[in-house]
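Asker: If you want the building blocks of each chain, they are given just below.
There are 4 protein chains.
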Amino acid sequence: MIKAAVVGGSGYIGGELIRLLAMHPEVEITAVTSRRFAGKKVHKVHPNLRGLDLRFRSDYEFDADVVFLAVPHGTSMKIVEQFLGSSKIIDMSADFRLRSDLYREYYGEHLRPELIEEFVYGLPELHREEIKKAELVANPGCNATATILALYPFRDVTEEAIVDLKVSSSAGGRRENVASIHPERSHVVRVYKPFHHRHEGEVIQETGVRAMFTVHSVDIVRGILSTVYFPFEGSLRELLKRLLVYRDEPFIRLVTDKGGLQRFPDPKYVLGSNFVDIGFAYDKENSRAIVLSAIDNLIKGGSGQAIQNMNLMFGLDERTGLDYYPLYPV
Amino acid sequence: MIKAAVVGGSGYIGGELIRLLAMHPEVEITAVTSRRFAGKKVHKVHPNLRGLDLRFRSDYEFDADVVFLAVPHGTSMKIVEQFLGSSKIIDMSADFRLRSDLYREYYGEHLRPELIEEFVYGLPELHREEIKKAELVANPGCNATATILALYPFRDVTEEAIVDLKVSSSAGGRRENVASIHPERSHVVRVYKPFHHRHEGEVIQETGVRAMFTVHSVDIVRGILSTVYFPFEGSLRELLKRLLVYRDEPFIRLVTDKGGLQRFPDPKYVLGSNFVDIGFAYDKENSRAIVLSAIDNLIKGGSGQAIQNMNLMFGLDERTGLDYYPLYPV
Amino acid sequence: MIKAAVVGGSGYIGGELIRLLAMHPEVEITAVTSRRFAGKKVHKVHPNLRGLDLRFRSDYEFDADVVFLAVPHGTSMKIVEQFLGSSKIIDMSADFRLRSDLYREYYGEHLRPELIEEFVYGLPELHREEIKKAELVANPGCNATATILALYPFRDVTEEAIVDLKVSSSAGGRRENVASIHPERSHVVRVYKPFHHRHEGEVIQETGVRAMFTVHSVDIVRGILSTVYFPFEGSLRELLKRLLVYRDEPFIRLVTDKGGLQRFPDPKYVLGSNFVDIGFAYDKENSRAIVLSAIDNLIKGGSGQAIQNMNLMFGLDERTGLDYYPLYPV
Amino acid sequence: MIKAAVVGGSGYIGGELIRLLAMHPEVEITAVTSRRFAGKKVHKVHPNLRGLDLRFRSDYEFDADVVFLAVPHGTSMKIVEQFLGSSKIIDMSADFRLRSDLYREYYGEHLRPELIEEFVYGLPELHREEIKKAELVANPGCNATATILALYPFRDVTEEAIVDLKVSSSAGGRRENVASIHPERSHVVRVYKPFHHRHEGEVIQETGVRAMFTVHSVDIVRGILSTVYFPFEGSLRELLKRLLVYRDEPFIRLVTDKGGLQRFPDPKYVLGSNFVDIGFAYDKENSRAIVLSAIDNLIKGGSGQAIQNMNLMFGLDERTGLDYYPLYPV
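Chains as they are written, first to last, in this note's numbering: chain A, 665 to 994; chain B, 665 to 994; chain C, 665 to 994; chain D, 665 to 994.
Bound-form chain A, shown alone (with noise of 0.2 angstroms):
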């Protein structure tokens, strides 16, 4: 059995690794940490995991194989010195994806900028025979995973690529904050970040193409889709053709039906699992392709993802613990 802590434990990524680990048929939890609510139960911030005997501690006397840090940006470079060498780490913020000049690009000055080398971006689907010899993997951001799947087979035939994105209310995180209260974020279609957000940075390195994300919020509690718009001289088929590169890739289901409720990927359809639904569609006469993405931003944007690393990492099957179906419907 592997032995896994989770550090910051009481978010929305940390609930999810939480509920994912604890059904995984290889790993036992050893520690689940949280300043806030250190002594509780894990239930009584989670409420789904109800019946789990577990409790939040705040310190990090814990015995562990492998350490998730799903802690706010800024927060990683600060703790990961305590866990180095020790543990294998899978880092869920932001601060080990970027390599140094995107880093200071999108969010500023690192406080660990050699360390940033050591980590291995965690997207199986592109770098897996590197995690798998990894000891530190940075896990993607949600918008970035969905979009580099879907832009990745083509980043020789453009340059640049619009991505309008559409993303669910705990892609926000568990805060509070009027904007966010169920009054004011019920029923909204808003763009809130309309250029130059975070998570595209990831998208320009691992692909070379200069995203150009506008990211907006719909009603939604989970899910994400990326629609990402670029020109393509071709056909449907040559769009086809080149995704089929993801033909033997486990979670992730190309969509290519002609019709019916599902010609095309939606977050509802992938809910609940680490699939990444990938559809697509050309207009000859303008020559443009538009290529989608759809998945659930807590697993395979996040949680899911984390133990599809951790799954690499130990050598098992890069399913364990995450053959679901998705629910629905929901």
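Nothing false has been slipped in among the hints.
One copy or two, either will do: identical chains are not told apart, so a pair holds if it fits within one copy or between any two.
Cross-link-like lysine-lysine pairs, in silico, PhoX-like; alpha carbons within 25 angstroms at most: (1) Lys704 with Lys922; (2) Lys667 with Lys742; (3) Lys667 with Lys797; (4) Lys752 with Lys797; (5) Lys857 with Lys705; (6) Lys905 with Lys708; (7) Lys857 with Lys708.
Don't read these hints as lab results, they were simulated from the structure.
Since the structure of chain A is already known, use the hints to place chains B, C and D on it.
Answerer: Showing chains B, C and D alone in chain A's frame:
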């Protein structure tokens, strides 16, 4: 033109009051106060009101024929002194709704108990003539409004009633609170007050029936449904006959359809209006009646009712500035 | 491996059954039938199941140790003959839930009344031992499951109970119906059955208490909350004590927290799981008890419970293939 | 008083038209037709209109100064003959919006091509003077209205634009359709038309820009957000300057706030009103502009705009019967 001032204009009740007053043909808004947003345009807080040329202020040095107190419970009794005598007052808080003994039971000590009797309980359907002559009106609570109107025609047939309320998120106000953020508050069906909700006292006072409120949060932004259960020996027709007391009420619509979508009241059908839809059902075998009452909590349950009271206090037709059909579908 | 067939796999109950069976470690799905979609891949109807290599068929020439009848009410009694003797049968319709007199009262004439007694009512918490030995099981209705479990420990203290149910849209099935389209069905709080809902009969049969159902539609896709009101002389502690009869039930979670988000059951907290969350409140002054019960209507109220029954019928641990924590937040 | 008739009053556009006309101070509704519901009260279909004393009829033997055709595409061209000459006509369908070549491209053959030129395209912000003199007006499509107004001030700076639309369920009409039922249509973020949406033709006709629509369904009942992307050499200030062409438009609100909840348009902020909120952002580094446009699809995108046209055609102040502030929050 009636000069109207809104004291405490940054909450949902305040915002709705500004909206309705701004469209009222006989009203001029002379002031809207907010400490926190003093100096800012009203639309910075209420984005629907973009285009309305009005700023928040923090002082009370305004000229007003009527002052609406849209402040939290406990605040009205502290500030009311300043407006006594110079303006008519419509208090939207709970401070002057209940007679002393019930106030104590549901809220605790009152700072100005001697003033309570000066206020008329502002439910026009029950106290129209008193309101016409009043200088001081206490605007009813939203849950109370819906329930009193459902129960009033049956106050002599039952001593107690079970009241199962389903309440929208705007009724909780504009408050930062982790339990109110979208991911937590969406898709809920949850009791938040199983017994002794404060609005219960108003029902007891106005009907004499021992109403027992159980208040549930549901996933709507606006609206309340009150389902009132009580024993009744009679028939469906006798239920209807008693409800016909409301036949000439301008804002009560009896729902008597036998079939179709609209055969029972639904807050969805009164949204954006001052209407109360009242419907009913009868279980002959078990001698059980159900009366259902649906309102828009911010209008008939708040600001619309306040304006209905204002209209009466100033000798206007009760419907002035309130004759809107509900918006459907939303 | 248990060979399982799903007869009538295109509805929501059918889809959920396929999903859960596909992930069940001891089951092999040998057939899924649908007349309308015969020949099509299962994911054309259930888009979450993309990747599952399974097609609908219309014939019954399959090999199965257990047949799940996920067909409309009235259809099971017509087709059940074909599977009698050759397979164990779990009927998801209402056809074999009620003893003859109650069936007649709530549904009318039965085509195969002689078969009714052959079926065991499939609520494991009440009939575990019988189910273990059964060849034929009638899976309970969703509203009935939630309500029976709430009321059962109090069956000797009250003769009647008011049951205010709040029900999601998936409970209405996958039917084209103008009242069910999104603009009409969103944001509703509406009674759709004020008295004599058919599931009521199951509560009467199983508890002996005259439950009076009033069923409301609310704006959630999955889940049911049953709020059960009855007179009770005692205390909060005595309420709890009676509920402790469920202490060792693997799928019942008693909600006894004093504060926090999670102090009462909410279908939001059981979504995607087979759990029943049961909570309670007591109004000493009025000697009134409330018991609250929340389930996922498609799992514990449908397919999860069917699999729980299957596990018992085949001698497996009851939790096999059902040990999922709820997804949160959704 | 203007005598107005609504032909085809049972859909959402028809219902909204009846609601707005019933509150219009200069209008008397003389007829509302529906074959299916002939003889029934209007509130049997539009439950918000309970209390309005009006019944559907199926004949066209009414007296009307203006006839609104709220019928499906293809029907207007069949029935329009009957009203020509005797009444002014405002056609809410797509039949007379596009000049012949574009009509053919987007819809196919036209039955009355000779009539197309008789109709004025009813977008007052572009064609006010022509509308004032018109007998026949073609009311624009909802997606077209939002997009044309966003793009019009930039028609000389770009030849093409990517238009990512997010659309509510009421825009799909009141149709029975399994894809539209609540469990299927809730919580979606889904492309339903990746290219060549029919409203695109209107944008091309009115702006000369090759707009490329990608239309997404989102989980709101009312409203549209159009996000328009195009290359722009300039600055944020120059974007604003061009938009100031709308400075005196009574129904366009420019959103120029720097911070706060309301810094970008959102259909949530215009709900129930005839307003168009237009905002913008500029990415200097990549020379990319975004213009955002939010409307209520049933009002400015349908019935409100039709009444705005009627007001102009009858010499009334354009705002008559349309001067409502949006309802917030809903």
